[in-house]
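Each chain, written out:
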Amino acid sequence: GESVGLHLPTLSVQEGDNSIINCAYSNSASDYFIWYKQESGKGPQFIIDIRSNMDKRQGQRVTVLLNKTVKHLSLQIAATQPGDSAVYFCAEWVSGTYKYIFGTGTRLKVLA
Amino acid sequence: DAGVIQSPRHEVTEMGQEVTLRCKPISGHNSLFWYRQTMMRGLELLIYFNNNVPIDDSGMPEDRFSAKMPNASFSTLKIQPSEPRDSAVYFCASTPGTGLSAFFGQGTRLTVV
Numbered sequence: 088g089e090s091v092g093l094h095l096p097t098l099s100v101q102e103g104d105n106s107i108i109n110c111a112y113s114n115s116a117s118d119y120f121i122w123y124k125q126e127s128g129k130g131p132q133f134i135i136d137i138r139s140n141m142d143k144r145q146g147q148r149v150t151v152l153l154n155k156t157v158k159h160l161s162l163q164i165a166a167t168q169p170g171d172s173a174v175y176f177c178a179e180w181v182s183g184t185y186k187y188i189f190g191t192g193t194r195l196k197v198l199a
Numbered sequence: 476d477a478g479v480i481q482s483p484r485h486e487v488t489e490m491g492q493e494v495t496l497r498c499k500p501i502s503g504h505n506s507l508f509w510y511r512q513t514m515m516r517g518l519e520l521l522i523y524f525n526n527n528v529p530i531d532d533s534g535m536p537e538d539r540f541s542a543k544m545p546n547a548s549f550s551t552l553k554i555q556p557s558e559p560r561d562s563a564v565y566f567c568a569s570t571p572g573t574g575l576s577a578f579f580g581q582g583t584r585l586t587v588v
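Here the protein sequences come in this chain order: A and B.
The first sequence begins at 88 in the working numbering and counts up one residue at a time.
The second sequence begins at 476 in the working numbering and counts up one residue at a time.
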C-alpha cells in the first residue's frame, strides 16, 4: 500500500482571524485561475475565480490576488469560521488548451 | 440546478471485477473531465471530452481503463479488470466551455480488495 503521500502544507488560524492561502502557478501563459475548497468526503467546490487581466477580485468574505510578475496567487478569507476548515486548491488554465492544472492543496484548520 | 451527479458514491469490489462509474454533467455544459484523486498523486486528469468526443485520454493509466460519453448528459468510466492500486476517489467535472470554471461532482470512492 501507499506509505508516502503528498505532504499538504497546513495553515492553522484562530477563529475570527483572516486567512491567507498562497499558490505558485507554473505557466506564464495561464490566463484564468480558480480557487476550490474541498471538504472531507466531498468534491472540490468552486469558490472564486480571476482572469489574468485583473489583479484582484472580491467575493463574499473571500478575495483573490494575482501577481503575474512572480506567478503567485493568493486567497484571503476574512473572519475565518470553523466551516472554512478544508483543503484549498488553486487551479490554472492555459489559454488555447483545455487543461486545468491543479496545485497540491493547502489544509486550513480553524482553531476555536 | 442539481450540479454534477456521480454514482455510486462508494464502491467496494474484488480484484479482477469490472467496475463502472457514472456521471451526469450539468445541463448545457459541453466539456467533461474525469479525475482521480489519491493521497500519493493528488488530482490527476484521466480523460477530457468536448461535445461528447474524447479529446485527450493520455491520462488514462492503462488499457484496463475506458471512458465513454454516449450523449451530452451521461458519461461512464469503466475499469476492467480492477486492481487494488485503482483504489481512489474518482471525480467527474463539467464546464460550459474552456476557460470557464469547472464544477465537480461529489466523487465515487472506489476500494478494490
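FYI, nobody ran anything at the bench for these hints, they're computed from the structure.
Here the structure is a predicted model, which is why all the values come from computation and not from measurement.
Don't take every hint at face value.
Claimed, not checked - Quick list of in silico lysine-lysine cross-link-like pairs, PhoX-like style, CA-CA up to 20 angstroms: (1) A:K196 - B:K499; (2) B:K499 - A:K129; (3) A:K158 - A:K186; (4) A:K158 - A:K143.
Hints versus structure:
For the suggested pair A:K196 and B:K499, the alpha carbons sit about 32 angstroms apart, so the restraint of at most 20 angstroms is broken. Straight-line distance between C-alpha atoms of B:K499 and A:K129 comes to about 16 angstroms, which keeps the hinted pair within the 20 angstroms bound. Under the criterion of a C-alpha separation no larger than 20 angstroms, the hint pairing A:K158 with A:K186 is consistent with the structure, at around 18 angstroms. For a cut-off of 20 angstroms, the pair hint linking A:K158 to A:K143 stands: about 14 angstroms separates their Cα positions.
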